[in-house]
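Peer 1: Here are the chains, one letter per residue:
Number of protein chains: 2
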Amino acid sequence: MNENKPHNADAIDDKEARYKARMQRKKAVIDESIARADQDKGVCLVLTGNGKGKSSSGFGMVARALGHGMQVGVVQFIKGSYSTGEEAFFRRFDEVEYYVMGEGFTWETQDKTRDIEAASAAWAQAKTLLENDAISLVVLDELNIALKYKYVALDDVITAVQSRPRYQHVVITGRGAPQALIDVADTVTEMQVIKHAYQAGIKAQKGVEL
Amino acid sequence: MNENKPHNADAIDDKEARYKARMQRKKAVIDESIARADQDKGVCLVLTGNGKGKSSSGFGMVARALGHGMQVGVVQFIKGSYSTGEEAFFRRFDEVEYYVMGEGFTWETQDKTRDIEAASAAWAQAKTLLENDAISLVVLDELNIALKYKYVALDDVITAVQSRPRYQHVVITGRGAPQALIDVADTVTEMQVIKHAYQAGIKAQKGVEL
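From first to last, the protein sequence lines are chains C and H. Residue 57 in this note's numbering sits at position 17 of the first sequence, and the numbers go up by one each step. Residue 66 in this note's numbering sits at position 26 of the second sequence, and the numbers go up by one each step.
One chain only, chain C, in its complex shape:
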């Protein structure tokens, strides 16, 4: 037995080799799926489900796009108590067009006519963004809620999304995404609640709804 080599060195070498082989196979699979994806165009992403993180994910993509010097448009269809942080932050940037629907959550305003008017105005803004090829990313935050209550017509949304500029990305958030929207989207993620802080009795924090 070689004094300079620990008695389990062969086993370690073997393990390292297997690790490397496994990682190489993994890389090959991923590289192949990326290579297959050869359509160079903007993506329509839908973030739905009841779990936390839908809107913040959309806002993270705004940050990413700004990091690449892109122009971004945001329309918030529901002005929640927690969205003020993002609004305060992203309004600082000239590259961001930011529009917030005037009213709060529908169950806070409790006035359907006013809700519909506010949603229609927000959708008019969204449509303008979806027609502007200078805008690389459009985030339509909580649009699914407006669709669910039929404050905005689904057909209009589908048409506007499908006829938007070729390289423009669009992110649509909110629970209960309609199937027709899922059908036309490229990527759809459902956020599922595994656990929620409210259930654990933790008070919502100023600014950071986690």
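Take the hints with a grain of salt, since some may be wrong.
It does not matter which identical chain is meant; a pair holds if it fits inside one copy or across any two.
In silico lysine to aspartate or glutamate, DMTMM-like type, Cα no more than 20 Å apart, as pairs [claimed, not checked]: (1) 167 - 137; (2) 190 - 56; (3) 167 - 195; (4) 152 - 50.
Everything labelled a hint here was simulated from the structure, so no lab data went into it. None of the values given here were measured: they were computed from a predicted structure.
Take the given structure of chain C and dock chain H to it, following the hints.
Peer 2: Frame of chain C; chain H shown alone:
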């Protein structure tokens, strides 16, 4: 019949009243659950699952926190090809401490020793942030991957998360969150893939991975 009142006005009034009552019940339920949540402390949020939006959700929370003038710390445990946008963007801000683990995805470096060294260095940074009560939000991006490969010890993470400053929020992202981490987290969301653009043959876009 009153000439000034459309013949279906009563039906409309009735529908509006039912709508209002439904929204009031909804508001009552939500207000109550918020009122029950009376523990004023920072939240530990875990974002896991295979779907898109985990990291971007964490970065959206960074934007939200910055909008409220908070100090933020970010550690990226896996330097992905797509994370350069966020890094370029958030490094602009003095309120953000940003640390990126030196290496790429494990299946791209294919060198376990180097991966472990890089992960250990990243975790040392994370621990410093988790001990600093001037930092209101700590994002540990893709830490779950480092845990899965056992590059970082789960016990150390649990201990550091549980003994962090009382008002500090921590967001941990990455697929395959270990059960012990889910157990200590306050809010856990699982991102599920309903559809992915790669499947539809769309090329990954510079800067915006949707």
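Peer 1: Taking the hints in turn, state whether each one holds.
Peer 2: Against the structure, the hints:
no. : hint      : result
1   : 167 - 137 : within (13 Å within a copy, 37 Å between copies)
2   : 190 - 56  : between (57 Å within a copy, 14 Å between copies)
3   : 167 - 195 : within (13 Å within a copy, 50 Å between copies)
4   : 152 - 50  : between (73 Å within a copy, 16 Å between copies)
When each numbered hint is compared with the structure, no violation occurs for any of them.
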